[in-house]
Amino acid sequence: MSTGRSQGILRRGWSAAVGDYAIAGGWARGGDALIVGDAAGGVYAFEGKSGAKAWAQERVHDGGVLALAIHPGGAMFATAGQDGRILIWNAAEGQPNHAIDLASGWVDNVAWSPNGQWLAASCSRQVRVYGVDGAEAWRSGDHPSTVSAIAWAGAGELATACYGRVAFFEVPAGKLRQKLEWKGSLVSMALSPDGDIVACGSQDNSVHFWRRSTEEDSMMSGYPGKPSALAFDAAGTLLATGGGSAVTVWSFQGGGPEGTRPGVLEFHARTVTTLAFARRATRLASGGRDGAVVVWSMQSDGEGDPIGAAVVADVVAELHWRPDGRALAALDAQGGVTAWRIA
Amino acid sequence: MNTYPKVPVTILTGFLGSGKTTLLNRILSEEHGKRIAVIENEYGEVGIDQALVIDADEEIFEMSNGCICCTVRGDLIRVLGNLMKRRDKFDYVLVETTGLADPGPVAQTFFMDDEIREEFSLDGIVTLVDAAHIEQQLGRSDESTEQIAFADILVLNKTDLVNDEALDGLEVRLRDMNRMAQVVRSERANLPVGAVLNLGAFNLDQALERRPTFLEPEYPFEWTGVYALEPGRYELSLAEGPDPAMSLVVVSDQGVEDAALREGAEWCVRRYAEPAELVRPGEKMAAGKHVSLQLDSPGRKSFFLEMDAKARIGLYAQHTAEEFDLQLINAKGAAIRPEVERTWVAQHEHDDEVGSIAIEREGDIDPERFNAWLSELLRERGVDIFRMKGFISLAGESRRFVFQGVHMLFDGQPDRPWGDTPRRNQLVFIGRNLDEESMRRGFEACLM
Chain A
1 MSTGRSQGIL RRGWSAAVGD YAIAGGWARG GDALIVGDAA GGVYAFEGKS
51 GAKAWAQERV HDGGVLALAI HPGGAMFATA GQDGRILIWN AAEGQPNHAI
101 DLASGWVDNV AWSPNGQWLA ASCSRQVRVY GVDGAEAWRS GDHPSTVSAI
151 AWAGAGELAT ACYGRVAFFE VPAGKLRQKL EWKGSLVSMA LSPDGDIVAC
201 GSQDNSVHFW RRSTEEDSMM SGYPGKPSAL AFDAAGTLLA TGGGSAVTVW
251 SFQGGGPEGT RPGVLEFHAR TVTTLAFARR ATRLASGGRD GAVVVWSMQS
301 DGEGDPIGAA VVADVVAELH WRPDGRALAA LDAQGGVTAW RIA
Chain B
1 MNTYPKVPVT ILTGFLGSGK TTLLNRILSE EHGKRIAVIE NEYGEVGIDQ
51 ALVIDADEEI FEMSNGCICC TVRGDLIRVL GNLMKRRDKF DYVLVETTGL
101 ADPGPVAQTF FMDDEIREEF SLDGIVTLVD AAHIEQQLGR SDESTEQIAF
151 ADILVLNKTD LVNDEALDGL EVRLRDMNRM AQVVRSERAN LPVGAVLNLG
201 AFNLDQALER RPTFLEPEYP FEWTGVYALE PGRYELSLAE GPDPAMSLVV
251 VSDQGVEDAA LREGAEWCVR RYAEPAELVR PGEKMAAGKH VSLQLDSPGR
301 KSFFLEMDAK ARIGLYAQHT AEEFDLQLIN AKGAAIRPEV ERTWVAQHEH
351 DDEVGSIAIE REGDIDPERF NAWLSELLRE RGVDIFRMKG FISLAGESRR
401 FVFQGVHMLF DGQPDRPWGD TPRRNQLVFI GRNLDEESMR RGFEACLM
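Chains A and B are the protein sequences, given in the same order. For reference, each letter of the first sequence is one residue, going 1 to 343 in our numbering. For reference, each letter of the second sequence is one residue, going 1 to 448 in our numbering.
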């Protein structure tokens with residue numbers, strides 16, 4: 001199949017390329033720019049409408065970019081890499097305003113707080129929180145193992161996942177508010193928009209989740225692989241999970257998902273690598289190792305129908321809906337960046 | 001869609017001081033044209049330009065079900081997953097574990113994690129052994145025992161610090177613990193790269209193509225003496241001993257180095273498999289043939305050997321020279337001392353808790369009975385079974401079925417057709433306190 005060929009609601013938009021495996025990205029400036037970081041350590045910006053290269057900075061992270069997060073305001077973003085460095089950038093100019101050097105080790109995750117006040121980053125067993133000026137506001141103690149995922153539960157509360165537990169810290173005070181334990185290696189994490197449900201993919205091919213208010217937990221097993229891709233919809237009703245070539249969608253409506261059957265969305269020929277819900281519509285995008293990008297129209301019970309599909313050149317690394325939901329961008333393992341208009 | 005070949009991974013284990021870092025540096029500094037990434041768990045002194053060295057803290061992740069086989073190395077999953085995203089991909093990955101590491105979780109990572117399985121193939125486990133200290137270490141720690149049990153290659157290192165007799169004894173012990181592993185000796189980890197990389201030890205098809213057996217030989221001879229001889233007639237004199245006959249092979253042009261002895265030994269294994277020519281006292285022995293010296297008459301007996309030209313010969317004898325007071329005497333009546341002597345592993349002595357069980361049988365296997373037997377064995381004894389490998393002849397299947405496992409993780413598939421080769425079964429288990437008799441009976445009950 002040729003790159004970019006598409007069907008259904010995905011309409012030809014533009015395609016571009018970065019220097020190596022496109023690791024992470026996101027829409028900035030309200031959708032006017034798409035920022036992408038690659039495995040060669042380069043950071044690129046493309047015009048949202050045309051895909052023209054706005055600017056490029058090659059080899060800013062020695063060893064490669066590991067994480068990228070767009071500031072909620074859209075004017076700034078942060079990158080982190082194998083060089084143990086965090087950079088805070090101006091999205092329009094393509095220049096880092098602040099550089100933070102951690103002692104050593106890979107910086108695996110970065111995430112902005114929903115109000116844009118704080119930037120959290122994880123490196124090895126620690127998480128650190130910085131202001132927009134790059135000043136360190138808080139630093140955790142050592143976690144029991146390398147922090148695998150971080151997520152903001154609210155403006156002043158950060159969740160961290162590692163082997164055996166999810167912890168919630170008050171930021172920047174640093175107080176440990178809650179600890180949810182599970183003997184397993186948690187490889188991914190997603191929080192429901194209201195912050196009550198914590199879902200984690202586990203190395204033992206299951207999804208584990210907790211309701212924070214009651215501390216009740218459940219395990220959804222039977223996945224053929226480890227569920228590294230997880231996504232909640234904007235209403236907090238649907239949790240889409242990878243962990244195989246099917247997308248498995250759990251519905252939290254009514255008493256679910258305990259005791260209910262999930263929606264099983266089959267299209268991909270190989271493992272699903274990334275999942276993203278559109279912000280306003282009940283649309284889910286999935287990407288896989290097969291290079292396929294599929295858009296699903298979802299129902300509240302977790303079932304869905306494919307309404308658009310396209311193929312890119314290699315494994316889909318990430319999918320990003322433009323904030324207005326009218327475009328979808330895919331980053332792939334060959335450094336391809338493809339954007340479609342949504343009909 | 002691009003499909004890249006899987007990147008081979010070699011795991012390097014061994015106690016502190018066994019020479020892992022030295023071997024690593026040798027591999028990296030050799031001109032092999034490979035782009036090698038090294039993952040280390042303890043800060044070594046590796047600093048070679050063309051290699052990428054990544055330090056990672058060893059993180060062992062157990063799963064909720066508490067099964068030892070579901071233990072993986074989280075640090076490897078994370079580091080390897082990121083490494084493979086680069087366009088300048090690596091041709092080879094070396095994982096150097098800490099001296100106290102359990103090789104189980106490292107090996108299991110390559111079976112358990114779907115993403116790692118997709119990108120990497122475990123090539124082999126190389127364990128370095130400090131010849132001077134391993135005896136003490138084996139007595140003190142489970143880790144050193146397990147490192148030996150898991151190995152595909154056992155490097156008996158620092159051989160210059162130990163006398164030959166002790167080395168031979170040590171090799172006997174190591175081979176007894178792990179009959180799957182090849183033992184190689186080195187002084188300062190001075191091994192060619194080819195001896196440790198690209199072994200295909202976990203690719204059974206490839207491994208069997210190279211060597212049609214998973215078992216390292218148990219030699220049918222106990223002793224070798226190498227003698228430098230001038231042309232002439234020699235007398236091999238033997239006193240009365242424990243047996244009425246002794247097998248022997250005379251190898252012409254025998255070298256004295258360890259590698260030459262090994263080569264001679266492999267050649268003699270095949271000669272020993274041939275029917276022996278009986279040689280009575282006073283008769284001449286032919287070189288290069290399996291002969292059986294007849295020793296049932298009383299007193300010392302002599303056998304003769306003619307040398308046309310000056311040469312080194314190797315005597316590969318079924319028993320040690322001591323047992324029969326074996327002497328080689330020249331035409332002037334003077335006894336000649338061997339230039340080199342060495343003893344070989346000849347029989348099992350199961351002193352260690354960890355040992356190998358090898359089952360070799362002809363005949364076809366009932367697939368259902370075999371499946372039931374192996375499932376139960378792994379369920380009940382999987383914790384104690386470190387490695388297993390085998391090929392079996394399933395009834396009604398035209399292809400050889402090959403399998404391997406690490407603890408309870410089992411991986412098997414039909415491989416090439418049997419064709420004209422005789423259908424047979426070979427299974428090797430390495431484990432702790434395995435009951436050989438009951439396993440043998442269990443397997444035999446699966447035969448049609």
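Be a bit skeptical, because a hint or two may be false.
What the hints assert, rightly or not - Below, computed lysine to aspartate or glutamate pairings styled on EDC-like, alpha-carbon distance capped at 20 Å:
(1) B:301 x B:274
(2) A:183 x B:62
(3) B:89 x B:58
(4) A:183 x A:194
(5) A:183 x A:157
(6) A:179 x A:215
(7) B:6 x A:217
(8) B:89 x A:216
(9) B:89 x A:62
(10) B:301 x B:277
(11) B:332 x B:230
(12) A:183 x B:283
(13) B:6 x B:143
(14) B:6 x B:411
(15) B:89 x A:58
Think of the hints as simulated: they come from the structure by calculation, not from any bench.
inquiry  = Output the indices of the hints that this structure fails to meet, ascending.
reply    = Structure breaks hints 1, 3, 4, 5, 7, 8, 12 and 13.
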